[in-house]
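Chemist: Protein chains in written order, with our numbering: chain G, 1 to 341; chain B, 1 to 317.
Note that these hints are calculated values from the structure, not bench results.
For every residue, glycine included, the Cβ atom is placed at its ideal position computed from N, Cα and C.
Be aware that a few hints might be false.
[What the hints assert, rightly or not] Calculated cross-link-like contacts (lysine-lysine; reagent style DSSO-like; alpha-carbon spacing at most 30 Å):
1. 136/B to 186/G
2. 293/B to 170/G
3. 291/G to 314/G
4. 145/G to 84/B
5. 314/G to 136/B
6. 186/G to 84/B
7. 137/B to 165/B
8. 276/G to 84/B
9. 318/G to 291/G
10. 149/B to 314/G
[Stated by the list, open to error] Rough simulated footprint, nothing fancy, chain G against chain B, three-plus residues with beta-carbon under 8 Å:
11. 145-153
12. 158-169
[To be verified] Under 10 Å between C-beta atoms, here's a sample of chain G residues computed to sit facing chain B:
13. 292
14. 331
15. 334
Given next are the chains, with one letter for each unit.
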Amino acid sequence: MEACHGHGKEKESQDLPRVLLFKPPPDFHLFGDECFSSNKFKFLKAWESPLPLDQFLKTHAQSVEAILSSGGAPVTAETLRLMPAVRLVMTTSAGLNHIDIAECRRRGITVANTGNVFSEDVADLAVGLLIDLLRNISASDRFVKQWLRPRQAAEGDCYSLGIGSKLGGKRVGIVGLGSIGSLVAKRLDAFGCSISYNSRTKKPSVSYPFYSNVCELAANCDILIICCGLTAETHHMINKQVLSALGKEGVVINIGRGPIIDEQELVRCLVQGEIKGAGLDVFENEPDVPKELLALDNVVLSPHCAIFTWETFKDRQKLVVENLEAFFSNKPLLTKIVDND
Amino acid sequence: MDNNSNNIIVLMVCPVSNYLEQEIEKSFKVFKLWHFEDKEQFINTHKDSIQAVVGSAAAGADAELIESLPKLEIVATCSVGLDKIDLARCKEKGIRVANTPDVLTDDVADLAIGLILAVLRRICESDRYVRSGEWKKGEFKMTTKFTGKSVGILGMGRIGTVIAKRAEAFDCIIGYNSRTEKPNLNYKYYPNLIDLASNCQILVVACSLTEETQHIVNRQVINALGPKGVLINIGRGLLVDEHELVSALLQGRLGGAGLDVFEHEPDVPEELIGLENVVLLPHVASATVETRKAMADLVVGNLQAHFGKKPLLTPVV
């Protein structure tokens, strides 16, 4: 759709339905202010007003029907109560835990996320972190770049950083076989891994072995990959018991949310050699990372950037615009509400 | 094998692993060339007793060595690559050659994909971003998606084929260049390497190093791959014109590179050290516990087969 270029169209744009933005989306900084633009709606930008948010909403947002939540801007019950006309909350994330879903349900407000637009990138990073971890890629790269020569020339043994571990034939346990988990499974299948999973419910169309208990899954795999969402039930689900079941030769990859793992316990296990290694894109208190991890070569650390690709941001912009346009045209949305567990 | 085999002398020309040394020593007498300061003198002294040479990707048996060992019967390399062995001379003299194919194929392919992801998604750079505390100051940068990209494979042998299968799991579009087109492959064949490079975003070098393929990835190929292109080399350093590669990366004519091999290992061009769009590994594509053991076992197995007058397990010549 053509972007709405202000000037000559100001008269027309006054009739356009408005979408509330609480904060400037990160996309604006990277792609410019027009990246979510459409000639079917315009944005009401709360941050451009000197008024505190509740006053701003009371004054300017009484007839606004749609909210675009971006950059994790929370959509609370209080906020929603100040907007009597709202019928849609669209978030640029896949996760929904920053939105008061119960209040939306009560009010009959549709909630839409970005569906599976990120899933491939997140799955790719999970695999990238895993290969990096098993094959010491980041550790070797910084080793070479610091001009430290491997011992192999002198002593004939492989490589002072520690030789790697073969991926093929390893047992992979996926926690949460949703869109991301399924893509991870498809990729690792091609590497000769055997896949099993734990999920809230067994998936009838899936042939991978199902474990109803994450501890049992951990006991039966070499590689545990966290692909589920964060809820009250999954908070600290990967705990001392699960890590112990995973064992000394086991590794864990987390591309879900930091609090799914008991981070303190994970750090302890890594430092004491009770699990072999970890690849982490998410942490309990981002951007803080436990300092013990910074000194370890058997971890790969990633700054919560699993979705940060140019291609996916562009795909997401397109999806957001199309969804909002569909909403205002009374057409079916492209992405439906997803239960937040 | 009877006890007399302990009299057979094997010359290891470079260090490989303690495990390999121990295993060979169980059945043979081993000389380790790197323990001797004056290698020429050592060879002169022992030339009439050395019956086998064991090498690796780092060193093998060139014409000079072969000529200086009149009793040489077999060269067993702990590698799949044969570029350090004068095959023609071995053939001429009836010297057997054995390598370690297949057992390392998966690991090498895994590393190729690992390098692609590391370069495209800036995994090593982002790991440093966290470790250095930079994350506290701001978000990491945008990177490049891998799924769905076009991957060109130079050399559709054992390793190239397995790389292609893994890339397919990421919905990549596969093209390849090889000496000849392979029947029954669903991938597009490009008889010209420059055409392949022009039509892919990621070029993986997976062919063997021979006289014909030295510097096969040259300036024209690199330019065809282009400013958004990424070069991955898990073959041999000499397959790529390293000087041209460095200059292309410095000038932005090539988008990035993931390299496990170099022209003069263990030396790495200094200019690459500071580049964040480059991932450098110290020739570790087969470096897993499982695979290195399998490779060593194959070397020993080939030696035992030869001196036990049985067929070689993995003969080349």
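Chemist: Could you check the structure against the hints above and give me the numbers of any it violates, in ascending order?
Modeler: Of the numbered hints, 1, 3, 6, 7, 8, 9, 13, 14 and 15 do not hold.
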